[in-house]
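Novice: If you read the sequences in order, they're chains A and B. Under numbering that gives the first Met the number 0, the residue at position 91 of the first sequence is numbered 90, and the numbers go up by one with no gaps. Under numbering that gives the first Met the number 0, the residue at position 256 of the second sequence is numbered 255, and the numbers go up by one with no gaps.
These are calculated hints, taken from the structure and not from any lab test. Just to be clear, a hint being listed does not mean it is correct.
Claimed, not checked - Short derived list, chain A residues pointing at chain B, Cβ under 8 Å:
hint : residue
1    : Leu32
2    : Arg61
3    : Ile89
No experiment lies behind these values; they were computed from the predicted model shown. Just so it is clear, CB atoms sit at the ideal spot from N, CA and C, and this is done for glycine as well.
Now for the letters of each chain:
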Amino acid sequence: MEIESQHFADTVVLSAHGRVDDEASEQLKGALLAQVDTCEAEGERLVIDLGEVEYISSGGLRALMMVAKRVHSQDAVMVVARPSSVVREILEISRFHLMIRMFDDIPAALAALSPQAAEAYGAR
Amino acid sequence: MPADAGLLVRFWGTRGSLPKAADSAMLQDKLQAALRQAAGRRFDDDDAIERFIRDELPFPVSHTFGGNSPCVQIAAGDDEELICDMGSGARELGNRILAERGSPRTYHILMSHVHWDHIMGFPFFVPAFIPGNTIHIYGCHPGLEEAFRRQHGPPSFPVPFDALGADIRFHVMPAGETLDIAGFRVRSHLQLHGGDSYGYRIERGGKSVIYSTDSEHKHEDEAALADVAAFFRDADLVIFDAMYSLADTASVKEDWGHSSNIMGVELCHRARARHLCMFHHEPVNDDATLYRLLQETRRYEEISRRDHPLHVTSAYDGLEIRL
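Whole structure, please, built from the sequences with the hints as guidance.
Specialist: See the structure below:
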């Protein structure tokens, strides 16, 4: 699994690629928790882009849950964008989607979080 | 049941926290759904109606998950049995055993813990009132006997504990040890729950049943998850507290002492268990919701399966599982 981040104004889009199996979930958890801390410190918002994630294991799901808990406890702002149909199914069965908002695409996620970020994304 | 028939697990109470009574609104919803599906059909006799109900109506229309609090009977072919917990389902169980086998008889009851929903059936467990019966109650809580005695005391109940006719004996077991009880091999496991609870691994004749209710599993505690998976290892049946969603257990209902369907699938997959039975249902959930949760859990099992298929069911009052 690979993870890359991009800044659009005051918002970070963290994109994961590949399969989030139990091994990769530790990497995902570490990257997300670090990013949540940074975003909280910098006053930035976070979009987790799952568009290139084809599968997420229970370990990956647990990692997302831990990040969601951290987000709630820190009053940070985080959303999920572009989950594949299988990943969306998993997030809905776990009711994760009731903790963290999900959007079908990145522009919609950015528009919900920050007009400046949406504008910066459109001007790429 | 013949002597070599393995184990028979019967569910007498499957709700958690509080019994849930059926009500008129629920009955009317089911009748409407059944009549809607029967519209335009002709039934020549009662058999045709029975076949329609059995074969064509969806489970949440033709059945109910029921509303009694936890009580599970694990029977062996030679007329020996264990009873797990004394929730409100124990009343029906006691009446059935009395009707079928009479008295005197010896009962063996395993207690996960002594919260009210798990002991409230005992004052209505008729075998306890009958002289000649012997009732052994096993558990790992030092306050086991006190909890049973207290709910018989005034002003909660009119029959004092010492007035019960049966010979009732309490056995406080060391946690984590394996004991032989009525021909069953029983091992306890400390679980995360307010005031503690204990899961039991029950083995006999090469079959194994896990009774694990009122247990929370923390996502972040990998060592504890590995311990539970080892306790569940290769079990034929895991009766599992699936009261809440995974998201609830990680947010508003964290530290409430219960688990989720997702965690049940994960632990059973890790343990290579064969059958997950969701248990300790949230009283707020109606039959349609519980059935949808079962379908979702089966789908999640399919998505997350590694190399070992896991059968998933959801317990209901009256369900029988043969092992």
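Novice: So, for every hint listed, does it hold in this structure?
Specialist: Consistency of the hints with the structure:
no.	hint	in the structure
1	Leu32	violated, 11 Å
2	Arg61	holds, 4 Å
3	Ile89	holds, 6 Å
In the structure shown, a violation is registered for the earlier hint numbered 1 alone.
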